[in-house]
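Engineer: Chain by chain, the residues:
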Amino acid sequence: DAKTTQPPSMDCAEGRAANLPCNHSTISGNEYVYWYRQIHSQGPQYIIHGLKNNETNEMASLIITEDRKSSTLILPHATLRDTAVYYCIVRPNSGYALNFGKGTSLLVTP
Amino acid sequence: DTEVTQTPKHLVMGMTNKKSLKCEQHMGHRAMYWYKQKAKKPPELMFVYSYEKLSINESVPSRFSPECPNSSLLNLHLHALQPEDSALYLCASSQVGQGNRPQHFGDGTRLSIL
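Respectively, the protein sequence lines represent chains A and B. Once you know that position 54 of the first sequence is 54 in the working numbering, the rest is easy, because the numbers rise by one and skip nothing. Once you know that position 94 of the second sequence is 1094 in the working numbering, the rest is easy, because the numbers rise by one and skip nothing.
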C-alpha cells in the first residue's frame, strides 16, 4: 500500500478554514484516498474519500491534485469540536485494511 | 453516537480471566473488523470477517479468539492476556467489496490487564 506523509500537528482558529495536507506520492491508479478523524476517547470517524475527483460532503471537502500525489482535506469553518487527530489513508481497491499512519493532530483554538 | 455498538466500554481483567468483547451493527454490513490501538498510537488491524468467515488474521496471538456468530455480531474472546495487551479495542464494519467501501467504527472497549 502507498505510504502517506502528514504534518504531525496544526493549529486553526475557530471559524476559519482548516486545510490539512497529505502527501501520497507513491499512490497507484486503483488506490483511494480516505480521511478519518479520531476525537479523544472515541473511535475513528469516517470523513470522506475519493479516487480522482474532488469530493464534498456535509463534513468536509477533499481536493486531490491532478497527478494524485497529494491531497488536502478542508474543514470550511472549523469549530472547537473539530479538534482531533486526522488520518489520511491510501487504500487499494481490492483491500480490506485501513493502514493508519501517525496522522495530524489538529487543535482548533477560540 | 455511532452505528457500531461495542460493549463493555471499559474492562479490567486479570491475566488468568476469560472475558469477551462484543460488537453489534445493524447497517447490513457483511464485513467486520477488529483493530487494536495502544495509547498515542494509530489503530492496527487484527482480524477481518467477510460473510461471517474469517478472511484476515494479522498474526494475532491465539489468546485472542474472534467469532462472528451472525451478520450483525462480532465477538472477541480473551484468555490469558498479558499486561501489554492493555489497549483500546475497536470494532468496525463495512459493505463487502472493493476499496470504495468506508469502514464505520464503534467507540471501542478500553481494556486493562492487571
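If you're looking for bench data, these hints aren't it; they were derived computationally from the structure. All C-beta atoms, glycine included, are put in the ideal place defined by N, C-alpha and C. Among the hints, erroneous ones may be present.
What the hints assert, rightly or not - These stretches of chain A come out as covered by chain B in the derived footprint (C-beta under 8 Å, 3 or more residues): (1) 5 to 11; (2) 40 to 54; (3) 75 to 81.
As the list claims (entries may be wrong) - When the alpha-carbon atoms are kept at most 20 Å apart in a straight line, the in silico EDC-like pairs for lysine to aspartate or glutamate are as follows: (4) B/Lys-1053 - A/Asp-82; (5) B/Lys-1041 - B/Asp-1085; (6) A/Lys-102 - B/Asp-1107; (7) A/Lys-3 - A/Asp-67; (8) A/Lys-3 - B/Asp-1085; (9) B/Lys-1009 - B/Glu-1052; (10) B/Lys-1040 - B/Glu-1084; (11) B/Lys-1022 - B/Asp-1085; (12) A/Lys-102 - B/Glu-1044; (13) B/Lys-1019 - B/Glu-1067; (14) B/Lys-1038 - B/Asp-1107; (15) B/Lys-1038 - B/Glu-1058; (16) B/Lys-1022 - B/Glu-1052; (17) A/Lys-3 - B/Glu-1044; (18) B/Lys-1018 - B/Glu-1067; (19) B/Lys-1040 - A/Asp-67; (20) B/Lys-1022 - B/Glu-1003; (21) B/Lys-1053 - B/Glu-1067.
Engineer: Please go over all the hints and tell whether each is borne out by the structure.
Structural biologist: Evaluated hints:
| no. | hint | result |
| --- | --- | --- |
| 1 | 5 to 11 | violated (count 0) |
| 2 | 40 to 54 | holds (count 8) |
| 3 | 75 to 81 | violated (count 0) |
| 4 | B/Lys-1053 - A/Asp-82 | violated (37 Å) |
| 5 | B/Lys-1041 - B/Asp-1085 | holds (14 Å) |
| 6 | A/Lys-102 - B/Asp-1107 | holds (19 Å) |
| 7 | A/Lys-3 - A/Asp-67 | holds (16 Å) |
| 8 | A/Lys-3 - B/Asp-1085 | violated (27 Å) |
| 9 | B/Lys-1009 - B/Glu-1052 | violated (24 Å) |
| 10 | B/Lys-1040 - B/Glu-1084 | holds (14 Å) |
| 11 | B/Lys-1022 - B/Asp-1085 | holds (17 Å) |
| 12 | A/Lys-102 - B/Glu-1044 | holds (11 Å) |
| 13 | B/Lys-1019 - B/Glu-1067 | holds (13 Å) |
| 14 | B/Lys-1038 - B/Asp-1107 | holds (14 Å) |
| 15 | B/Lys-1038 - B/Glu-1058 | holds (16 Å) |
| 16 | B/Lys-1022 - B/Glu-1052 | holds (15 Å) |
| 17 | A/Lys-3 - B/Glu-1044 | holds (15 Å) |
| 18 | B/Lys-1018 - B/Glu-1067 | holds (15 Å) |
| 19 | B/Lys-1040 - A/Asp-67 | violated (33 Å) |
| 20 | B/Lys-1022 - B/Glu-1003 | holds (14 Å) |
| 21 | B/Lys-1053 - B/Glu-1067 | holds (9 Å) |
In this structure, the hints that do not hold are numbers 1, 3, 4, 8, 9, 19, in rising order.
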